Each structure stands twice: as structure tokens, then as C-alpha cells.
Amino acid sequence: MPESRPTESIAAPGLIERLGANFLYFVEQCGMMGAFLLETLSKILTPPFRLRPVLKQVHFIGARSWLVIVVSGTFVGMVVALQFYDTLVRFGSVSLLGSAVGLSLIRELGPVLTALMIIGRAGSAICAEVGIMRSENQIDALECMSIDPYRYLIAPKLLAGIVSLPLLTAIFDCVGIVGGYFVGVVLFGVGSGAYFEGMAESVVWNDVAMGIVKSLAFGLIIVWISAGRGFFLHRERVGAFGAEGVSRVTTNAVVLSSIAVLFTDYLISSVML
Amino acid sequence: MVIGEKAAPPVIEVESLVTHYGHRNILGGVDLTIERGEIFVIMGGSGSGKSTLLRHLLGLRRPTSGRIRVLGQDINDISKKELYRLRRNIGVAFQGGALFGSLSLIENVELPLREHTKLDDSTIGIMSRMKLEMMNLSGYEDLMPSELSGGMLKRAGLARAVVMDPKLLFFDEPSAGLDPVTSAELDQHILRLRDALHMTIVVVTHELESAFKIADRIAVLGDGTVALTGTVQEVRESDDPRIRNMVNRKPRDEPIDSEAYLQRLTRSSRR
Numbered sequence: 001m002p003e004s005r006p007t008e009s010i011a012a013p014g015l016i017e018r019l020g021a022n023f024l025y026f027v028e029q030c031g032m033m034g035a036f037l038l039e040t041l042s043k044i045l046t047p048p049f050r051l052r053p054v055l056k057q058v059h060f061i062g063a064r065s066w067l068v069i070v071v072s073g074t075f076v077g078m079v080v081a082l083q084f085y086d087t088l089v090r091f092g093s094v095s096l097l098g099s100a101v102g103l104s105l106i107r108e109l110g111p112v113l114t115a116l117m118i119i120g121r122a123g124s125a126i127c128a129e130v131g132i133m134r135s136e137n138q139i140d141a142l143e144c145m146s147i148d149p150y151r152y153l154i155a156p157k158l159l160a161g162i163v164s165l166p167l168l169t170a171i172f173d174c175v176g177i178v179g180g181y182f183v184g185v186v187l188f189g190v191g192s193g194a195y196f197e198g199m200a201e202s203v204v205w206n207d208v209a210m211g212i213v214k215s216l217a218f219g220l221i222i223v224w225i226s227a228g229r230g231f232f233l234h235r236e237r238v239g240a241f242g243a244e245g246v247s248r249v250t251t252n253a254v255v256l257s258s259i260a261v262l263f264t265d266y267l268i269s270s271v272m273l
Numbered sequence: 001m002v003i004g005e006k007a008a009p010p011v012i013e014v015e016s017l018v019t020h021y022g023h024r025n026i027l028g029g030v031d032l033t034i035e036r037g038e039i040f041v042i043m044g045g046s047g048s049g050k051s052t053l054l055r056h057l058l059g060l061r062r063p064t065s066g067r068i069r070v071l072g073q074d075i076n077d078i079s080k081k082e083l084y085r086l087r088r089n090i091g092v093a094f095q096g097g098a099l100f101g102s103l104s105l106i107e108n109v110e111l112p113l114r115e116h117t118k119l120d121d122s123t124i125g126i127m128s129r130m131k132l133e134m135m136n137l138s139g140y141e142d143l144m145p146s147e148l149s150g151g152m153l154k155r156a157g158l159a160r161a162v163v164m165d166p167k168l169l170f171f172d173e174p175s176a177g178l179d180p181v182t183s184a185e186l187d188q189h190i191l192r193l194r195d196a197l198h199m200t201i202v203v204v205t206h207e208l209e210s211a212f213k214i215a216d217r218i219a220v221l222g223d224g225t226v227a228l229t230g231t232v233q234e235v236r237e238s239d240d241p242r243i244r245n246m247v248n249r250k251p252r253d254e255p256i257d258s259e260a261y262l263q264r265l266t267r268s269s270r271r
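Note that the protein sequences, when read in sequence, are chains S and L. The first sequence maps to residues 1 to 273 in the numbering used here. The second sequence maps to residues 1 to 271 in the numbering used here.
It is worth saying that the hints were derived from the structure and are not from the lab. Honestly, I wouldn't trust all of these hints.
[Stated by the list, open to error] In silico DSSO-like pairs for lysine-lysine, Cα to Cα no more than 27 angstroms straight-line: (1) S:K43 - L:K80; (2) S:K43 - L:K81; (3) L:K118 - L:K80; (4) L:K167 - L:K81; (5) L:K118 - L:K81; (6) S:K43 - S:K56; (7) S:K43 - L:K118; (8) S:K56 - L:K118; (9) L:K167 - L:K213; (10) L:K80 - L:K167; (11) L:K167 - L:K118.
[Said to hold, decoys possible] Taking CB as the label site, the calculated pair distances span: (12) L:D31 - S:F263: 47 to 55 angstroms; (13) S:F263 - L:A8: 53 to 61 angstroms; (14) L:D74 - S:L41: 27 to 35 angstroms.
Bear in mind the structure is a predicted one, so any value in this text is a computation, not a measurement. Backbone N, C-alpha and C fix where the C-beta goes; we use that ideal spot for every residue, glycine too.
Using the sequences and the accompanying hints, generate a full structural model.
Okay, structure coming up:
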């Protein structure tokens with residue numbers, strides 16, 4: 001058994017040892033995060049249910065993000081219309097502009113870009129908040145007051161994420177379509193009737209459903225990863241606590257949830273198309 | 001139990017507690033008994049394992065081996081539900097207060113009452129204000145934790161810890177980072193809690209002066225074991241070198257192994 005002095009215990013580890021250690025660490029992290037999600041979901045599904053904390057989080061994740069979503073949605077709609085117009089005009093089929101904008105926004109761009117914006121705005125904040133609570137012993141204090149941190153702290157955030165993302169995505173889609181209208185119809189003179197008619201004809205329920213499923217999944221993923229990374233700050237391998245630890249897990253949470261969102265996006269698209 | 005041997009069972013019993021961080025051995029067989037109504041101080045330098053021991057007593061860590069009984073229950077052998085029920089009889093004041101940044105001072109103190117009782121708002125308000133009054137914090141109810149000083153945060157943490165009138169109170173480093181006057185005031189608060197509310201109080205600290213002032217009994221931790229358990233008098237008069245060094249504030253003089261020393265210096269610093 002290695003003694004408390006680090007001098008004896010650390011002989012330079014070889015490649016295999018490090019690979020093994022990294023793999024074990026990865027497995028441990030996956031298990032921890034999985035258990036974290038299950039525990040939180042079980043707290044969401046069992047009484048007592050409380051509305052107030054959830055509303056507070058919906059206010060933070062959802063309501064206070066509306067401006068970001070409206071602004072980015074407008075510009076994304078505009079640039080999508082611009083790009084499609086430029087392509088479609090070469091084939092003489094600008095009448096397809098409405099359906100192209102509508103489909104791409106509702107199926108892909110709306111859910112994904114909303115999720116990415118919310119990761120930057122709310123995911124990072126959630127991770128930092130939970131991480132600081134961990135490093136200042138506030139989560140231990142909750143435990144010691146017999147207040148379940150999963151129920152009190154994490155569950156409202158997760159539920160709020162699942163509720164907010166579809167709503168924000170809907171806003172994003174709408175302003176995006178309006179932005180596309182502005183570029184396509186007002187600037188380039190595509191017929192207003194053709195724009196909306198084409199959209200109404202080509203966008204079917206399955207497309208809308210895909211957008212909703214995606215945004216629900218993204219809401220869950222964002223809060224799960226962000227809150228979980230902060231929650232397990234103390235289980236990090238290196239220099240866990242304090243400001244540096246919080247900043248590192250926050251960066252990590254943003255990167256990880258972005259990747260997870262894009263990967264899930266592909267998964268859902270491939271299943272539902 | 002033999003009848004008449006002891007009136008009340010001990011509040012905390014620790015039997016040969018062993019724990020590790022990874023491969024590093026932190027506690028190597030700790031035995032402790034804490035009796036009802038006493039102020040028990042766990043003392044030790046930094047790295048002696050006293051914070052780890054506290055986390056074990058609170059059930060926040062699982063030991064490698066050994067048994068811990070708190071208020072008659074083995075805290076590593078009960079369900080989460082039972083642990084939560086047990087903890088309602090326990091108050092914990094954390095080092096930096098550990099107040100929730102999103103709640104005001106009074107909301108922090110009210111939180112345990114709101115979560116665990118069905119009292120109406122005005123009763124909860126009165127009970128919380130009583131505890132704030134006791135800690136000389138009245139008038140600051142609506143401030144946020146970020147607006148409070150270190151000493152106030154500690155007192156607020158203490159107010160929150162005792163708001164449910166626990167039987168057992170843990171206090172982590174009451175005097176760390178405080179000026180002597182504030183620290184002496186906190187000692188007064190601790191004594192008053194024991195006398196007025198008959199709590200059993202476990203204090204973890206490295207401050208000798210404060211420990212000698214408040215303790216009924218002291219356990220001195222060193223290198224992961226209990227070097228001595230005894231009254232203030234016994235600790236003062238102990239001839240264990242580790243305790244003598246601590247009481248006399250002498251730096252420990254470890255013999256230097258020149259071979260190992262050179263090896264440590266020349267070891268390429270890669271982590």
C-alpha cells in the first residue's frame with residue numbers, strides 16, 4: 001500500500017497505465033452521470049411536486065433568453081432565405097423558397113441553434129452555479145439539513161430545461177420564418193402567397209414533431225450535462241475545487257453538451273426521417 | 001448494556017474508523033466516544049484528517065472500514081431515508097457558513113423549517129428571528145450572503161444549524177479566519193447553546209485557545225489516529241511529543257533523511 005508521501009507512489013506511469021486510468025475514469029464518469037440523471041428523473045416523477053422552483057428556473061432558462069433567441073432567430077432566418085434564394089434562383093424555382101426555409105428551420109436549425117444558444121446562456125450559468133455550490137459546501141449543507149439536493153436543486157432545473165427548450169425553439173422558428181419572409185419577399189420580391197403557400201404545403205406534422213422531439217431531448221441534455229458537471233466538481237481528477245475548478249468544468253460542460261446536442265440531432269434525424 | 005453503568009448512551013461512537021482518498025490513507029483506526037451534553041473538540045493540525053473525520057460523522061463519506069454510530073444508529077448501515085430522518089436531529093455549521101447565495105439571510109435560516117415543518121409563515125419568521133437575535137444578527141435579515149462579513153456568515157451558518165433545535169451540533173472551524181474578538185464571541189455563542197439548549201456540540205478546530213476555552217473534552221488527531229482524548233487539563237499536561245509541540249506551538253522536527261531529500265529535489269517534476 002503506497003504511503004502518504006507522494007514521492008514513493010508516483011513512478012512515471014507508462015502509456016498502458018495511463019490509457020487504463022483514463023478509461024476507468026471515463027467509465028466512472030459515465031456511471032456517475034447516468035445515475036445522476038436517473039436519480040433526478042425519479043425525483044421529478046415522485047411527489048411532493050412543487051411548481052414555484054420550476055417556474056423560477058423556467059424564468060431563468062426560458063423567459064430571460066427570449067431576446068437572444070429572437071435576435072439569433074431573425075438573422076438565421078434571413079441568412080437561410082438568402083442562401084436558398086441564391087441557389088433556387090439558378091434553377092428558376094424561387095417559389096420553393098418558403099418550403100425550404102420552413103423545413104430547414106423547423107427540422108434542423110431551430111432546435112439545434114436554440115440549443116446551442118441556451119448552452120451558452122443558461123447551461124454555462126447552471127454549471128457554474130452548481131459547481132460553486134459544491135465547492136462552497138452548500139450541497140453538503142443541503143444534505144445535512146435533510147434536504148435532497150437532487151429534488152431541491154437539480155430536478156427543477158431539469159424540468160425547466162425540458163419545458164423551456166420547445167417553447168424557445170418555437171419562437172426561434174417563428175421569427176426565423178419572418179426573417180426569411182423579409183429577405184425573400186420584401187427584398188427579393190418572391191410572392192408572399194408563394195412563400196407561405198409552399199411552406200404550408202411541404203411542412204407536415206412529422207416535421208413539427210421532429211422539431212419538438214429534438215428540442216425536448218436537447219433541453220434534457222443541456223441541463224443534465226451542465227448541472228451534472230458542476231455537481232460532481234469534487235470528483236474531478238485534478239485541482240478540483242475553487243475558481244479554477246469551476247471554470248474548467250464549465251468550459252467542459254459547454255463543449256460536452258454542444259457535442260451531445262449535435263450527436264443527438266443526427267440520431268433523432270436518422271430515426272425520424 | 002449493563003443497567004446503571006451509564007445513564008445515557010453516548011451520542012456518537014466511532015470504532016476503528018479507517019479511510020482512504022484513492023490509495024492515500026487518511027484515517028488509520030480512529031476510536032471516539034462522545035457523551036450527551038458535552039462540548040467535544042476534535043483538534044489537529046492541517047492534514048491531520050479532522051475535516052475528513054467530520055465528513056464521516058455527518059455521513060457524507062463512506063469509510064473503508066470501521067463503524068460510526070450517531071444517536072444510536074449506524075450511519076453507514078441505514079437507508080438514505082433513515083439517514084435524512086436522523087439528520088433532522090443534527091445541525092451543522094460549515095466553515096464558511098455555506099449559506100445559499102440565492103437566498104437572503106432570513107430565508108437561509110428559515111429554509112430547514114420550511115422544508116421539514118408545516119408551521120405557518122409567521123411562526124417560521126418568529127423562530128428564525130429568535131435564532132438570529134441569539135447570534136446578534138438582527139437587523140441584517142434581508143441582506144444577501146454576499147453582503148455579509150466572514151464572521152457574520154459564520155454566525156448565520158450557526159443560526160441556520162440550530163434553527164430546528166437539534167440534539168447534536170457540529171461546528172467546523174468556528175474561529176478560522178476571524179479576528180480574536182469575533183472568535184471569542186463565537187465561543188460564547190457555543191457555550192450558550194450548550195447551556196441554554198442542552199445540545200451536544202462537536203467542534204472541529206485547529207485553534208488551541210478557543211478549544212481550551214470551550215471544550216469539556218478534547219481529542220487530538222495526529223497522522224490519522226487519535227493521539228489523546230481527555231479533558232483540557234489532561235491535554236495541557238500530556239507528555240506526548242506531538243501534543244506538547246502543538247500546545248507549545250513548536251514546529252515539528254522530523255529527522256531529515258538526506259537520501260530521500262535529495263531524491264525529492266532532483267525528481268523531475270511531472271504530474
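Below or equal to 27 angstroms on CA atoms is what counts here, so check L:K167 against L:K118. It holds: about 20 angstroms lies between the C-alpha atoms, which stays within 27 angstroms.
Taken at face value, is the distance from the CA of L:K213 to the CA of L:K167 at most 27 angstroms? holds (22 angstroms)
Would you check the hint for L:K118 and L:K81, treating anything up to 27 angstroms between C-alpha atoms as holding? Given that 27 angstroms is the threshold and the Cα spacing comes to 19 angstroms, the pair holds.
Given the hint that S:K43 pairs with L:K80, test it: the Cα-Cα distance must not exceed 27 angstroms. Roughly 14 angstroms between the alpha carbons, so the hint for S:K43 and L:K80 holds.
Please work out if S:K43 and L:K118 have their alpha carbons no farther apart than 27 angstroms. With a Cα-Cα distance of about 21 angstroms, the restraint between S:K43 and L:K118 holds, given a limit of 27 angstroms.
Using the beta carbons of S:F263 and L:A8, state whether their distance is inside 53 to 61 angstroms or not. At roughly 60 angstroms between Cβ atoms, L:A8 and S:F263 fall inside 53 to 61 angstroms, so the hint holds.
Against the 27 angstroms threshold, does the CA-CA distance of L:K80 and L:K167 hold or violate the hint? holds (20 angstroms)
Straight-line alpha-carbon gap S:K43 to S:K56, limit 27 angstroms: Within the cut-off at roughly 18 angstroms; holds.
Given the range 47 to 55 angstroms, decide if the beta-carbon distance of L:D31 to S:F263 lies inside it. holds (52 angstroms)
Would the hint linking S:K56 and L:K118 be met if the CA-CA limit is 27 angstroms? holds (22 angstroms)
Holds or violated: L:K118 to L:K80, with C-alpha atoms at most 27 angstroms apart: holds (22 angstroms)
Tell me if the straight-line CA distance from S:K43 to L:K81 falls inside 27 angstroms. holds (14 angstroms)
Violation of the numbered hints given earlier is absent; every hint is satisfied by the structure.
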